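Spelled out from the first residue to the last, the chains are:
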Amino acid sequence: MFSLIFRGLATGSIYSLTAVGIVLILSTTNVMNFAQGDVGMFLTYIAFLFIARNVPPYLTLPVVVVAGILLGVVLDRGLMIRARRSSHLGMVMITLALTMILEGIVATFFGTIPLYFPPIAQGDPLIIGNVIMDRQNILTIGVALLIFLILFIILYRTKIGIAARSIADDEYGATILGVPINRITTFIWALSFGIAGIAGLMTAPRLSLEPSFMIVVQLKAFIAAVLGGMGSITGAIFGGLILGVLENFIAYYIPSIKESFSLILVVVVLLFLPNGIFGRREARRA
Amino acid sequence: MLRIIDLVSGYGPIDVLHDINIDFKDASVVSVLGANGAGKSTLLKTISHVVKPRKGSIIFDGVDITHFEPSQIAKNGIAHVPEGRHIFPNLTVKDNLLVGGYFRSKKENEESMDFVFSLFPVLKERVNQQAGTLSGGEAQMLAIGRGLMAKPKLLLLDEPSLGLAPKIVSEIFHVIRTLADKTGLKVLLVEQNARKALDISDYAYILVLGHIALHGNPEDLKENEEVKKLYLGGKYV
Chain F
3 MFSLIFRGLA TGSIYSLTAV GIVLILSTTN VMNFAQGDVG MFLTYIAFLF IARNVPPYLT
63 LPVVVVAGIL LGVVLDRGLM IRARRSSHLG MVMITLALTM ILEGIVATFF GTIPLYFPPI
123 AQGDPLIIGN VIMDRQNILT IGVALLIFLI LFIILYRTKI GIAARSIADD EYGATILGVP
183 INRITTFIWA LSFGIAGIAG LMTAPRLSLE PSFMIVVQLK AFIAAVLGGM GSITGAIFGG
243 LILGVLENFI AYYIPSIKES FSLILVVVVL LFLPNGIFGR REARRA
Chain Z
3 MLRIIDLVSG YGPIDVLHDI NIDFKDASVV SVLGANGAGK STLLKTISHV VKPRKGSIIF
63 DGVDITHFEP SQIAKNGIAH VPEGRHIFPN LTVKDNLLVG GYFRSKKENE ESMDFVFSLF
123 PVLKERVNQQ AGTLSGGEAQ MLAIGRGLMA KPKLLLLDEP SLGLAPKIVS EIFHVIRTLA
183 DKTGLKVLLV EQNARKALDI SDYAYILVLG HIALHGNPED LKENEEVKKL YLGGKYV
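From first to last, the protein sequence lines stand for chains F and Z. With our numbering applied, the first sequence corresponds to residues 3 to 288, in that order. With our numbering applied, the second sequence corresponds to residues 3 to 239, in that order.
One chain only, chain F, in its complex shape (with noise of 0.2 Å):
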């Protein structure tokens, strides 16, 4: 029961670790981004190039920040702020071609054939009590509670993480104030990337590495980040954890919905909560 819910907890991690991202994007931009799963991919590949070298998989772990944070600036600075301009859809086509260049690329040098990414944290499972924990599951929760605490303190107490909130909630209320959109639009697609590719890191060694192997979790991370409304950070965080968990169960109890399972709870949300678990909680006077 607790093993599972652990695991669960492990998956929902990955989910919410991504599902934030979109999140981040989405509320300060009006972009959704479906390559935040893909860019994971991507990052992933390049910490294999150093693991391939025999550099120990955690010194990976700031490699694909690093490489990710590049990898957003790049793609606002050199695209994004110039679509901005003319289109907004065509900055969401810009991401889902993006899917298929990074997809492609990684196919050309890699080959479509997986590979196998060796577990960051290794050694045998901890027991406590009845329940087995995977050491790279432990990892993993460590790691996304880490990155959400980051994140709150960015978003919470730094001028340019209100700055960013502040545009998420009013665009037009935050450029009269003088705020400089494209430098605070920037830094939150360099903080994306950040993310996606410590989300690939931790999502590789449970899968292996092929160039689509992200897709599944891009796919639950928009689904976690429906549940928790869309919107809300925290909400796609809860969504996250609470999918992961709810899967694991249904996979042991009723294997034979476990593919659908997600895809169901996401219809009946929408039908019946439209607004997510959490409901929009924005601040309003009845």
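For the record, the hints were derived by calculation from the structure and aren't laboratory data. Since we're looking at a predicted model, the values are computed, not measured. Heads up, some of the hints might be wrong.
[To be verified] Within a straight-line C-alpha distance of at most 25 Å, the following computed PhoX-like cross-link-like pairs (lysine-lysine) qualify: (1) F:161 - Z:224; (2) Z:27 - Z:224; (3) F:161 - Z:96.
[To be verified] Derived list of chain F stretches under chain Z, where covered just means 3 residues or more per stretch with a C-beta under 8 Å from a C-beta of chain Z: (4) 165-174; (5) 190-200.
Even glycine gets a Cβ: it sits at the ideal position worked out from N, Cα and C.
Guided by the hints, dock chain Z onto chain F, whose structure is given.
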């Protein structure tokens, strides 16, 4: 101070403002009055460059700011309190104020925040409350306070009386006049509530369909038959 010369501005194919000339000279509070659609808000938006000027120039403290970006305008000492307030509902009162002081240091922001709280004590009581839960009057005070956080030389105020009870409007207008007298802040006030605006202004312009139709001292404008009829409640005055 602020000088606007032959300004033309608008949206898409339509010019909204035609050859606007405004000069602050020594006035502290200047108001621009006019009916709906006269172009009052467009004028303020053009000054803060949310709407791009088409012709003419805007000179502020001797610097040509006509083609500055909104963030440069803000850095140069012009704060815009927009129509409809546009406060950030999910941010706390404190965070709203901090966004207003985006370009300033932590210490400067602390000082400005104390200053804003001294003007509007109710904001201090609500400092950690989400701004979306404020009443209309409190929200307007927050919007003005947020503008003041940048320690501007010029405050652009767009319809601060919109949707507020007369008592609160008087209170807010009183604060604005006091600010102008005590701190030397210049205010460009856009209003439909002509009477109250004239009461606190040193000079006023009347905007009709994007043209300046009249300008003068408030006392003279109040006596003008046409102004009386159109903006001050007609023959019932």
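Hints not upheld, ascending by number:
1 and 5
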